[in-house]
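Undergrad: Here is how the chains run, residue by residue.
Number of protein chains: 2
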Amino acid sequence: MKFSIIIIGDELLLGQVTDTNSGEIARALAPFGWQTGEIATVADDEDAIREAVNRAIERYPLVITTGGLGPTKDDITKRTLMSIFGGHLEFDPAVFENIKVIFAKRGLELNSLTKNQALVPTSCRVLQNHFGTAPAMWFETNDKARVLISMPGVPFETAGLLRDGVVSEIARRFQPDVTILHKTYIITGITESALAELLAETETDLDPSLHFAYLPTPGLIRLRIDGKDTDDARLRRMHAEACESVERVARDFIIAREDVPLEQLLLDNLANRNFKLATAESCTGGNIAHRLTLRSGASNVFVGSVVSYANEVKEGTLGVNPADIAAYGAVSETVVRQMAEGVATRLGADCSVATSGIAGPDGGTPDKPVGTVWVAAHTPTGTVTRLLHCPGNRSRVIDRASTEAMLLLLKSL
Amino acid sequence: MKFSIIIIGDELLLGQVTDTNSGEIARALAPFGWQTGEIATVADDEDAIREAVNRAIERYPLVITTGGLGPTKDDITKRTLMSIFGGHLEFDPAVFENIKVIFAKRGLELNSLTKNQALVPTSCRVLQNHFGTAPAMWFETNDKARVLISMPGVPFETAGLLRDGVVSEIARRFQPDVTILHKTYIITGITESALAELLAETETDLDPSLHFAYLPTPGLIRLRIDGKDTDDARLRRMHAEACESVERVARDFIIAREDVPLEQLLLDNLANRNFKLATAESCTGGNIAHRLTLRSGASNVFVGSVVSYANEVKEGTLGVNPADIAAYGAVSETVVRQMAEGVATRLGADCSVATSGIAGPDGGTPDKPVGTVWVAAHTPTGTVTRLLHCPGNRSRVIDRASTEAMLLLLKSL
Chain A
2 MKFSIIIIGD ELLLGQVTDT NSGEIARALA PFGWQTGEIA TVADDEDAIR
52 EAVNRAIERY PLVITTGGLG PTKDDITKRT LMSIFGGHLE FDPAVFENIK
102 VIFAKRGLEL NSLTKNQALV PTSCRVLQNH FGTAPAMWFE TNDKARVLIS
152 MPGVPFETAG LLRDGVVSEI ARRFQPDVTI LHKTYIITGI TESALAELLA
202 ETETDLDPSL HFAYLPTPGL IRLRIDGKDT DDARLRRMHA EACESVERVA
252 RDFIIAREDV PLEQLLLDNL ANRNFKLATA ESCTGGNIAH RLTLRSGASN
302 VFVGSVVSYA NEVKEGTLGV NPADIAAYGA VSETVVRQMA EGVATRLGAD
352 CSVATSGIAG PDGGTPDKPV GTVWVAAHTP TGTVTRLLHC PGNRSRVIDR
402 ASTEAMLLLL KSL
Chain D
2 MKFSIIIIGD ELLLGQVTDT NSGEIARALA PFGWQTGEIA TVADDEDAIR
52 EAVNRAIERY PLVITTGGLG PTKDDITKRT LMSIFGGHLE FDPAVFENIK
102 VIFAKRGLEL NSLTKNQALV PTSCRVLQNH FGTAPAMWFE TNDKARVLIS
152 MPGVPFETAG LLRDGVVSEI ARRFQPDVTI LHKTYIITGI TESALAELLA
202 ETETDLDPSL HFAYLPTPGL IRLRIDGKDT DDARLRRMHA EACESVERVA
252 RDFIIAREDV PLEQLLLDNL ANRNFKLATA ESCTGGNIAH RLTLRSGASN
302 VFVGSVVSYA NEVKEGTLGV NPADIAAYGA VSETVVRQMA EGVATRLGAD
352 CSVATSGIAG PDGGTPDKPV GTVWVAAHTP TGTVTRLLHC PGNRSRVIDR
402 ASTEAMLLLL KSL
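These protein sequence lines map, in sequence, to chains A and D.
For the first sequence, the numbering used here begins at 2 and goes up steadily by one.
For the second sequence, the numbering used here begins at 2 and goes up steadily by one.
Careful: at least some of the hints might be erroneous.
Copies of the same chain look alike in the list, so a pair counts if it fits in one copy or across any two.
Using 25 Å as the maximum straight-line C-alpha spacing, the simulated SDA-like pairs for lysine to any residue come out as follows [claimed, not checked]:
(1) 3 to 21
(2) 145 to 225
(3) 369 to 139
(4) 101 to 234
(5) 3 to 52
(6) 277 to 60
(7) 145 to 12
(8) 3 to 55
(9) 3 to 56
(10) 277 to 347
(11) 412 to 174
(12) 369 to 181
(13) 106 to 12
(14) 229 to 326
(15) 145 to 277
(16) 277 to 317
Hints were generated in silico from the structure; no laboratory data involved.
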């Protein structure tokens with residue numbers, strides 16, 4: 002089943018804002034068997050919106066739009082959708098109540114532009130938005146064959162609405178009698194092709210109601226086992242069998258059995274053991290601390306970090322031996338080990354990770370080219386280290402080294 | 002002048018990769034008077050590419066595609082483009098030389114798939130790619146009225162090619178006799194609407210060859226003064242006059258006279274004064290250090306950071322007085338000031354920034370709701386502080402507080 006996404010907003014065409022909504026939608030619907038057919042990004046302009054919607058609804062049973070629903074703009078989008086789906090604007094008391102709640106939460110005064118957001122086309126069904134003032138709107142064509150869902154463009158509102166019911170309503174609307182099952186494994190320490198080889202037999206024997214989806218990111222593979230069938234009992238049995246088979250074959254590489262971000266996995270794992278975490282970062286420059294603290298609740302586990310860009314900070318604040326820096330260089334196993342142990346001791350943490358490397362574009366040598374990174378992970382039972390050769394430019398090296406350092410600690414626990 | 006962008010790649014439709022190329026292209030061409038008409042994201046599939054290209058080339062004089070040129074995929078894209086623009090594949094020795102140079106730099110062995118990238122349609126002109134193995138290709142319709150440029154999809158290759166000549170070739174091709182001038186001011190401490198009011202008279206009197214573009218980002222406004230005319234001497238005079246007028250009226254708010262990222266502006270400014278920088282981050286969790294160290298050359302200025310998430314780290318590593326944390330709370334002017342001064346002293350830096358706040362979603366109180374952040378900037382002449390109320394969710398609060406802390410230091414220098 003293919004569907005289409007339309008992203009509405011001048012700010013996207015100007016390059017002022019990067020679209021993350023289409024990815025969010027694609028990832029949310031994929032487990033239910035939906036494939037994104039195409040994505041169109043168009044201006045806040047009646048003709049552009051109408052043309053894109055008409056084109057999409059002609060080709061796809063499901064069209065999702067985001068954006069064009071701000072207090073100053075939503076008349077254009079709503080008017081355009083009414084010109085296609087019919088209806089007229091009517092005041093919706095429930096939407097108005099929601100707007101008042103949102104404004105009260107933000108400590109803001111209602112204004113007339115915002116009140117207008119409670120005017121909703123009579124041709125749509127409202128999906129309440131608990132994350133913002135603009136409701137999502139569910140339209141259907143006269144023959145009921147096609148659905149268009151219009152959502153606001155603010156990313157955390159889009160994500161919230163998808164989670165809050167949009168995805169499940171789509172699943173129910175299009176496949177009311179089908180059972181859908183998913184199981185995600187997070188796998189590391191093996192390449193995608195080697196994993197596929199390992200699972201080749203399992204995959205060949207797979208029942209047609211089941212499907213393996215490989216979702217690789219640098220350092221990690223998410224393997225999702227999708228199941229879809231009208232025979233609920235049979236599907237559950239087949240799906241469980243396939244999962245068991247994966248567990249048996251890939252056991253050594255599985256680090257999680259649900260789809261959570263690596264940072265959350267690490268924080269949860271440490272929280273369960275009552276361990277506190279610190280980081281000592283040279284080439285990653287605070288990126289590990291930043292990625293961890295983007296997760297709310299990080300403060301239960303994460304005590305802090307020392308970003309030791311200068312050698313004096315490695316020595317003074319982390320207690321690395323200056324003679325070792327002189328003898329082995331800052332990018333060395335000895336130094337990264339002392340950084341990890343030093344930060345744990347000095348910040349009072351049970352566990353730590355440390356990085357020291359050459360992110361580039363300058364600073365590489367024949368012995369230690371750009372991308373050379375030593376990472377260390379320290380736990381109460383000891384310290385392990387690993388030498389990485391990270392490909393790509395500066396930001397990719399930083400991100401990959403951050404991921405590998407967190408993975409090393411996760412595997413050491 | 003409107004143009005169209007086509008982003009090719011299954012990984013984008015799957016939501017595995019976020020498209021940043023379209024924004025890069027839009028921002029690069031905007032100063033030359035080009036507006037993005039629409040962006041289409043399509044699969045690595047012959048029919049999808051052909052349909053999108055045909056549609057775009059019919060409507061726009063310029064079409065730019067990115068992606069679909071990897072070693073395993075480029076036969077599809079090239080074949081599709083030849084079905085539209087004609088020609089056949091021919092070995093291009095200069096492209097092959099470039100591939101060999103790139104592989105040697107990366108220490109990799111050539112393989113046959115990569116050699117195929119040197120096969121180029123005879124109907125295009127090659128624009129050499131010094132950042133990767135796939136060349137950019139410049140096609141024109143038979144009547145020479147329309148141009149399609151096919152570029153590889155790796156973001157730093159796209160950005161490099163745009164900078165390296167694609168943008169200037171487009172400018173020359175479409176407006177050979179026109180002089181184009183730009184001047185960007187970075188402005189802070191004033192809202193966009195107040196700035197527009199301040200500049201209203203200047204803007205009303207503006208010669209038709211000139212145009213003001215306002216490019217706001219949280220905490221900053223970029224004001225670009227674009228000029229375009231066939232009379233070179235006259236345009237230069239008018240453009241200089243408009244810039245003088247902006248300087249006169251908005252002087253108090255201008256912090257830079259060229260378009261550079263805030264982080265680079267701060268690093269350059271500190272480098273010019275031979276100052277070293279440290280950061281002490283609580284709620285921003287290392288994001289300031291991360292943003293600074295994403296810039297190559299940061300190590301000349303940035304010595305390091307202490308991410309003091311736990312109060313014990315604020316006290317032990319930064320020397321904040323525990324009695325003050327108890328009396329005023331960690332999110333207070335007193336504490337953030339001590340953090341800034343403590344990190345400068347302990348890490349041996351001349352300047353520093355510090356942050357302490359409530360990023361949410363938990364931790365807010367009626368007195369200090371989510372988004373309350375104290376920032377401090379320390380220089381050899383003293384320490385200044387500022388109280389922020391940052392809107393939005395956790396990641397927006399973190400990012401806004403990081404920006405404001407850097408701005409506060411920049412203005413204190």
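Undergrad: Now, for every hint given, state plainly whether the structure supports it.
TA: Hints, verified against the model:
1. Taking identical chains as interchangeable, the C-alpha atoms of residue 3 and residue 21 lie at most 25 Å apart whether they share a chain (19 Å) or sit on different chains (24 Å).
2. With identical chains, the CA atoms of residue 145 and residue 225 are never at most 25 Å apart, being 32 Å at best within one copy and 49 Å at best between copies.
3. Taking the closest pair of Cα atoms, residue 369 and residue 139 never come within 25 Å of each other, the shortest separation being 57 Å inside a single copy and 38 Å across copies.
4. Taking CA atoms no more than 25 Å apart as the test, residue 101 paired with residue 234 passes in neither setting, with 46 Å inside one copy and 57 Å between copies.
5. In this assembly of identical chains, the alpha carbons of residue 3 and residue 52 lie at most 25 Å apart whether taken from the same copy (19 Å) or from different copies (17 Å).
6. For the identical chains of this complex, residue 277 and residue 60 are neighbours neither inside a copy (53 Å) nor across copies (59 Å), given an alpha-carbon limit of 25 Å.
7. For the identical chains of this complex, residue 145 and residue 12 are neighbours neither inside a copy (33 Å) nor across copies (31 Å), given an alpha-carbon limit of 25 Å.
8. In this homomeric assembly, residue 3 and residue 55 come within 25 Å of each other (Cα to Cα) both inside a single copy, at 16 Å, and across copies, at 22 Å.
9. With identical chains, the CA atoms of residue 3 and residue 56 are at most 25 Å apart both within one copy (14 Å) and between copies (21 Å).
10. In this assembly of identical chains, the alpha carbons of residue 277 and residue 347 lie at most 25 Å apart whether taken from the same copy (13 Å) or from different copies (24 Å).
11. Taking CA atoms no more than 25 Å apart as the test, residue 412 paired with residue 174 passes in neither setting, with 42 Å inside one copy and 56 Å between copies.
12. For the identical chains of this complex, residue 369 and residue 181 are neighbours neither inside a copy (50 Å) nor across copies (45 Å), given an alpha-carbon limit of 25 Å.
13. Proximity of residue 106 to residue 12 under the C-alpha cut-off of 25 Å is found in neither arrangement, the shortest distances being 27 Å within a copy and 38 Å between copies.
14. In this homomeric assembly, residue 229 and residue 326 never come within 25 Å of each other (Cα to Cα): the closest approach is 58 Å inside a single copy and 56 Å across copies.
15. In this assembly of identical chains, the alpha carbons of residue 145 and residue 277 never lie at most 25 Å apart, being 55 Å within a copy and 66 Å across copies at closest.
16. For the homomeric pair residue 277 and residue 317, the shortest alpha-carbon distances inside one copy (22 Å) and between copies (16 Å) are both at most 25 Å.
Of the numbered hints listed earlier, those contradicted by the structure are 2, 3, 4, 6, 7, 11, 12, 13, 14 and 15.
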